[in-house]
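Under the numbering used here, the first residue of the sequence shown is numbered 1, with each subsequent residue one higher.
Since the hints were derived computationally from the structure, they do not count as laboratory data. Only a predicted model underlies this, so the values are computations on that prediction, with no experimental measurement involved. There could be a bad hint or two in this list.
Across the chosen pairs, the derived CB separations fall in these ranges [as the list claims (entries may be wrong)]: (1) Val61 with Val35: 31 to 37 angstroms; (2) Gly115 with Leu86: 36 to 42 angstroms; (3) Leu39 with Leu86: 15 to 21 angstroms; (4) Ile44 with Ile94: 19 to 25 angstroms; (5) Asn11 with Trp62: 15 to 21 angstroms; (6) Ala30 with Thr116: 28 to 34 angstroms; (7) Gly115 with Val35: 36 to 42 angstroms; (8) Ile73 with Arg113: 18 to 24 angstroms; (9) Met10 with Tyr83: 34 to 40 angstroms.
No residue lacks a Cβ here, since even glycine has one placed at the ideal position from N, Cα and C.
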Amino acid sequence: MSLKSKLKNMNVVTFAAFVFYATVGIVCFAILAVVDFSLIHVGIIGILSLIAAYGLFRNRVWVFWVVIALFFIATTFSGYTLYHVLGENLLFDIIAIIYLALTWIFTGYIVARRGTLEA
1 MSLKSKLKNM NVVTFAAFVF YATVGIVCFA ILAVVDFSLI HVGIIGILSL IAAYGLFRNR
61 VWVFWVVIAL FFIATTFSGY TLYHVLGENL LFDIIAIIYL ALTWIFTGYI VARRGTLEA
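Produce the entire structure from the sequences given, and follow the hints as far as they go.
Here is the structure:
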């Protein structure tokens with residue numbers, strides 16, 4: 001199946017989830033390269049996000065478990081980060097809250113439609 005027909009058949013919300021996870025993966029690797037390579041947790045979030053984006057693009061059933069793992073990792077990471085730096089940098093706080101909210105929204109969507117995923 002060509003890329004154009006795959007994107008044409010993809011649901012709008014599924015495509016938004018694909019773009020979200022792909023963007024998060026790329027941003028995590030950029031942060032890892034620019035800031036510090038010892039931020040292993042950011043690398044793990046980046047790897048799992050890119051795997052989730054690939055699974056959503058290919059409509060695989062195993063993406064459900066990757067997204068569930070990312071849900072717990074991202075919630076813990078964002079909650080811990082917000083707890084310790086809340087109020088110091090408003091832009092960072094807003095981005096972390098948006099990331100947390102989008103993670104919850106797309107996890108809920110993928111859990112709700114897990115029966116439509118292919119093996």
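We went through each hint and held it up to the structure:
1. Val61 with Val35: 31 to 37 angstroms: holds (35 angstroms)
2. Gly115 with Leu86: 36 to 42 angstroms: The hint (36 to 42 angstroms, Cβ to Cβ) holds, given that Gly115 and Leu86 are roughly 38 angstroms apart.
3. Leu39 with Leu86: 15 to 21 angstroms: holds (20 angstroms)
4. Ile44 with Ile94: 19 to 25 angstroms: holds (24 angstroms)
5. Asn11 with Trp62: 15 to 21 angstroms: This hint holds: roughly 18 angstroms between Cβ atoms.
6. Ala30 with Thr116: 28 to 34 angstroms: The hint (28 to 34 angstroms, Cβ to Cβ) holds, given that Ala30 and Thr116 are roughly 32 angstroms apart.
7. Gly115 with Val35: 36 to 42 angstroms: holds (40 angstroms)
8. Ile73 with Arg113: 18 to 24 angstroms: holds (21 angstroms)
9. Met10 with Tyr83: 34 to 40 angstroms: 36 angstroms Cβ-Cβ, so the 34 to 40 angstroms window holds.
The structure is consistent with each of the numbered hints, conforming to all of them.
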